[in-house]
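Colleague: Here's the letter readout for the chains.
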Amino acid sequence: MVVLRQIIDIISLLALPAIILSILLYAIYKKIPVYETFVEGAKEGIDVTLKIIPYLTAIIVAVAMFRASGALDTISYLFTNIFDKFNIPSDILPLAIIRSLSGSAALGVFSDIAQNNPVDSYVVKLGAIMLGSSETTFYVLAVYFGSVGIKKYRYALLTGIIADIAGIIGAVIIANVFFL
Amino acid sequence: MNFIWAFLILISFVFGALNGKLDDVVNSILSGAESSITIAINICGVMVFWLGIMKIAEKSGIAEKISKVLRPFAKVLFKDASNNENAISNIAMNFSANALGLSNAATPMGIKAMEELQKINKDKSSASDSMCMLLAMNTAGFQLIPATVIAVLASVGFNNPTQIIVPTLLVTSFAFVTAIITAKIMQKFFPPQSETEVQ
Numbered sequence: 001m002v003v004l005r006q007i008i009d010i011i012s013l014l015a016l017p018a019i020i021l022s023i024l025l026y027a028i029y030k031k032i033p034v035y036e037t038f039v040e041g042a043k044e045g046i047d048v049t050l051k052i053i054p055y056l057t058a059i060i061v062a063v064a065m066f067r068a069s070g071a072l073d074t075i076s077y078l079f080t081n082i083f084d085k086f087n088i089p090s091d092i093l094p095l096a097i098i099r100s101l102s103g104s105a106a107l108g109v110f111s112d113i114a115q116n117n118p119v120d121s122y123v124v125k126l127g128a129i130m131l132g133s134s135e136t137t138f139y140v141l142a143v144y145f146g147s148v149g150i151k152k153y154r155y156a157l158l159t160g161i162i163a164d165i166a167g168i169i170g171a172v173i174i175a176n177v178f179f180l
Numbered sequence: 001m002n003f004i005w006a007f008l009i010l011i012s013f014v015f016g017a018l019n020g021k022l023d024d025v026v027n028s029i030l031s032g033a034e035s036s037i038t039i040a041i042n043i044c045g046v047m048v049f050w051l052g053i054m055k056i057a058e059k060s061g062i063a064e065k066i067s068k069v070l071r072p073f074a075k076v077l078f079k080d081a082s083n084n085e086n087a088i089s090n091i092a093m094n095f096s097a098n099a100l101g102l103s104n105a106a107t108p109m110g111i112k113a114m115e116e117l118q119k120i121n122k123d124k125s126s127a128s129d130s131m132c133m134l135l136a137m138n139t140a141g142f143q144l145i146p147a148t149v150i151a152v153l154a155s156v157g158f159n160n161p162t163q164i165i166v167p168t169l170l171v172t173s174f175a176f177v178t179a180i181i182t183a184k185i186m187q188k189f190f191p192p193q194s195e196t197e198v199q
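Protein chains in written order, with the working numbering: chain A, 1 to 180; chain B, 1 to 199.
These are computed hints drawn from the structure, not numbers from a lab.
Beta carbons: idealized from backbone N, C-alpha and C, even for Gly.
One thing to keep in mind: the hints can contain errors.
To be verified - Here's a subset of chain A near chain B, in silico, CB distances under 10 angstroms, partners left out:
1. LEU4
2. PRO33
3. GLY70
4. LEU72
5. SER76
6. ASN81
7. ILE82
8. LYS85
9. PRO89
10. VAL123
11. ALA128
12. ALA163
13. ALA166
14. GLY167
15. ALA171
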């Protein structure tokens, strides 16, 4: 496992340099004016960023408000009994909800869990798997669709939520198998 | 999205008032708005750089070569876009960057892919099947090594944090496959996009 991690670390380190180098070298070989072409394409980057700002602000403010309101703790408290039945520590619920909304918030919630529970405890391991296998669905949807002005998401949101729920259930099952 | 957004804000005010945290909620509006601009500025630099590099890739024809290799896969997942080399090569690089945990680099690639998909979209205000598939792949968040999580575990003195790699990989693969299958099934059940005038 350590070897696997080292291999992937090396690939991660080399991936971007390799991509950029091959694009550049191939273009030079094809006699493309690389500098002018770069600037021509790069100009569009500012427009794209300006376009996504309203969507970014909308989602980030809403999630920040939700976190500050303490709603997560209240909702978690309501579900404690149901969670106990399935062997799921109730500490994990805020993480399960927030991980679809905000990556930095999810990391904060997980750090709290890791600090306030015994090292190597089940809840820490379950939380680690849950966080490691997630992506912030709403943020991705807002930014990607916002950048091209799509208003009707059709089934994209539903698909994202189903995948999130599958990830949560999967994390609970796998954590049970590996760590209980 | 209209519903979820309004719901998050309304519920925040209600719970904020009930929990006596209304001042925190109000402050979070200001700090949230501020941090959204910080994030945008962070994205902007990478975005500008990446779109510059991609222009080079496009002009030299290397994007076309990459997409030719990937066309068999692309045909299954992105039917209507499998001939658009810029879309396919960016989708492929977006996926690889996500898998390697380079999410800062992945976002510009994904957005570039979205722009290419929008060019061939029949209805410019609604998401095409290919867009939904790209979003499904991204929201599921497939990642080979959860580096941040390992870092947190190591910081609290967790014994051998790398033991979570394999379980996490199993879960993330499961969620990823679920997302793709769900998107494929939904394509059949959701009403197709209606044709609109090309502007």
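Colleague: Does PRO33(A) pass the interface check with chain B, least Cβ-Cβ distance below 10 angstroms?
Modeller: With a closest approach of 9 angstroms, the PRO33(A) hint holds.
Colleague: Should the interface hint for ASN81(A) be scored as holding, given a Cβ-Cβ cut-off of 10 angstroms against chain B?
Modeller: 20 angstroms, violated
Colleague: Can we keep the ALA166(A) interface hint, with Cβ of chain B closer than 10 angstroms?
Modeller: Given a least distance of 4 angstroms, the restraint on ALA166(A) holds.
Colleague: Should the interface hint for ALA128(A) be scored as holding, given a Cβ-Cβ cut-off of 10 angstroms against chain B?
Modeller: Nearest chain B Cβ about 5 angstroms off; hint holds.
Colleague: Per the CB criterion, is VAL123(A) less than 10 angstroms away from chain B?
Modeller: 12 angstroms, violated
Colleague: Close enough to count: is the Cβ of LYS85(A) nearer than 10 angstroms to one in chain B?
Modeller: Status violated, d = 21 angstroms.
Colleague: Given ALA171(A) was flagged as interface, is its beta-carbon under 10 angstroms from a beta-carbon of chain B?
Modeller: 5 angstroms, holds
Colleague: Under 10 angstroms, Cβ to Cβ, is where ALA163(A) needs to be relative to chain B, so tell me if that hint holds or is violated.
Modeller: Cβ of ALA163(A) sits 4 angstroms from chain B, so the hint holds.
Colleague: Given GLY167(A) as an interface hint, is its Cβ closer than 10 angstroms to any Cβ of chain B?
Modeller: This interface hint holds because 4 angstroms falls under the 10 angstroms limit.
Colleague: With 10 angstroms as the cut and Cβ atoms as the points, is GLY70(A) at the interface with chain B?
Modeller: 4 angstroms, holds
Colleague: Does the CB of LEU4(A) sit less than 10 angstroms away from some CB of chain B?
Modeller: At 7 angstroms from the nearest chain B Cβ, LEU4(A) passes the 10 angstroms test, so the hint holds.
Colleague: Verify the interface restraint on PRO89(A): the C-beta must sit less than 10 angstroms from at least one C-beta of chain B.
Modeller: Because about 16 angstroms separates PRO89(A) from the closest Cβ in chain B, which is outside the 10 angstroms limit, the hint is violated.
In terms of the numbered hints stated before, the structure departs from hints 5, 6, 7, 8, 9 and 10, listed from lowest to highest.
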